[in-house]
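A.B. asks: Residue-level listing of the chains:
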Amino acid sequence: MATTLAAGVAAALALSACGSDSTPAATTTAPATTAPASSSAAASSEAPTSAGSETSSGGSETGSATGSASAGDSKVLTDAAAGTLTIGIKFDQPGLGLLQPDGSYAGFDVEVAKGVAKELGVEESGITFVEAKSAEREGLIERGEVDFIVATYSITDTRKEKVNFAGPYFIAHQDLLVKADNTDITGPEAMGGKILCSVTGSTSAQKVKDTYAADVALQEFGTYSECVENLRTGVVEAVTTDDVILAGFAAQSPGEFKVVGNGFSDENYGIGLAKGDTAGTEAINAAIEAMIADGSWAKALEDTVGPSGYTIPEPPTVG
Amino acid sequence: MDFSFLSDPRYDVLGAFWMTIQLTFWSAIGSFVLGVLLAGMRVCPVPIMRGFATAYVNIVRNIPLTVIIIMMSQVLYSQLGLMLAVREPGVNPQGFLNSQNFRLAVLGFILYTSTFVCEAVRSGINTVPPGQAEAARAIGLKFTQVLRIIVLPQAVRAVIAPLASVLIALTKNTTVASAIGVAEASLLMNTLFENEADKFLAIFIVFALGFVILTLPVGLILGWVAKKAAVRR
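Protein chains in written order, with the working numbering: chain A, 1 to 319; chain B, 1001 to 1233.
Chain A extracted, bound-state conformation (with noise of 0.2 Å):
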């Protein structure tokens, strides 16, 4: 009896790594390690709080803030001051932030990081990237292992509520990938009885479902890369996400595939902060209206999302 125990037991502790080799186990540790964190931004927004030179530079409200942190609390304006940041960005999205094969990192996401980073007062050699997986962006920010977020972050209500953004620095909206070929496939309205493809756990598939076509059936796998090559093969007939998604994901085969372009939501792309670092999120709008005032923007946007025919929009209002 004792040895069955025992076997109990250790499935039982076997559990926390319960979603096998994916990554919730690691983000559990979440909550216990905010505590303090939050505590200690609520204790400082007691205090006055002491104007430093980056909240002078006009950045706009941000309204998902609620308490004010003084410069000197915020963690991005006091790793920029010393030099470093670590930025984490996506490492899978063509286009938008992508690890190259030879250890250099391309894409919008990674181009406004770098901006926000040079207008913050760090120089390349002071960043340091770190994979922001979509599950893992609120956990790496709790516990302060990323500085701020630059990965097709999304601003939601919910996440609002764990998390600052500044922002957005870029609006995106769901769309539809298909092959080159395809004709019947015009919007998501015509998606009944069609195989759509996304990523476990993302909500875009599931929008589809509830708003356009109820009898739509939804596969996921684990990536997008995943999904665009059940697209080639034509066990889905189309794959949802982000139109600037699609669209990095067209560009790496040219010919073969298309974006719709009827986008049928906004997206509002935003910076993913620590809560409550106000003074944080203001030099961050502020760096990204700057960016749009001097160009870097559109030329960040033309150099990477550009060739696969995207077409450039209008820069977003910050805040």
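Treat the hints loosely; a few may be bogus.
[Unchecked claim] Listing some non-contacts, in silico: residues in chain A with all C-beta distances to chain B over 10 Å:
hint, residue
1, Ile185
2, Glu220
3, Glu226
4, Ser253
5, Phe264
6, Thr317
7, Gly319
[Unchecked claim] What the simulated footprint calls covered on chain A by chain B, stretch by stretch (three residues with Cβ under 8 Å from a Cβ of chain B suffice, anywhere in the stretch; the number is not a length):
hint, segment
8, 133-140
9, 158-165
10, 192-206
11, 227-233
[Said to hold, decoys possible] Straight-line distance between alpha carbons at most 27 Å, and here's what the computed DSS-like set of lysine-lysine pairs gives:
hint, chain 1, residue 1, chain 2, residue 2
12, A, Lys133, B, Lys1172
13, B, Lys1199, A, Lys209
14, A, Lys207, A, Lys258
15, B, Lys1227, A, Lys162
16, A, Lys179, A, Lys160
17, A, Lys133, B, Lys1199
18, A, Lys179, A, Lys162
19, A, Lys207, B, Lys1199
20, A, Lys162, A, Lys207
21, B, Lys1142, B, Lys1172
22, A, Lys194, A, Lys162
23, A, Lys194, A, Lys258
24, A, Lys162, A, Lys133
25, A, Lys209, A, Lys194
26, B, Lys1227, B, Lys1172
27, B, Lys1199, A, Lys160
28, A, Lys179, A, Lys118
29, A, Lys194, A, Lys160
30, A, Lys75, A, Lys179
31, B, Lys1199, A, Lys75
FYI, nobody ran anything at the bench for these hints, they're computed from the structure.
Quick caveat: nothing in here was measured; it's all calculated off a predicted structure.
C-beta atoms are modelled at their ideal positions from N, C-alpha and C, and glycine is treated no differently.
Put chain B on the given structure of chain A with help from the hints.
C.D. replies: Here is chain B on its own, set in the frame of chain A:
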């Protein structure tokens, strides 16, 4: 702690765990059959069968399960076109997708878990005294008869406890099926993490507890059975 997602009709927690149970059930049956077959091949006198089984077990059990499951979908289905369900034109393809992915996952679990069943059963065969097989051969039984009537019944009774560990591991391994979109517990957990990020701890507790409820009785019951069934020597 906020457990409100349990009563939210969008999230069918019981249904997700039911899918986990179904995956485990069919995979366990298939793995047992294939595993015993492989164990028989590994001790059989025909060199080519022995060689095949040895190679199969050593290759497959050393491939990560995630790779095997993704291979089922991305290579067998997507590239090579293996169909395990029929897609009828004009009918909502969700049913087809669900059966196809479910069967691909079960096939993957069987191919993987059977290697562990094989090794457990083979260790059980080693507990059967050689005299038993020799005596059986002496009264004129063929190899398959020796294995089926004399050796395997004793071998399997000796390895019920190790097989229980394999079954518990299989139950937890079914979470990998979410990689190809089978709507089992860990896929729902991922969806909940995405949609209800503020209830992280509550979601985690519910799913961890769910798996303990599924696996703990298996260990206890099969441990008891192992004691009852063991061959006293």
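A.B. asks: Okay, which hints does this one fail, numbers in order?
C.D. replies: Checked against the structure, the hints that fail are numbers 2, 3, 15, 16, 18, 21, 22, 28, 29, 30, while the rest are satisfied.
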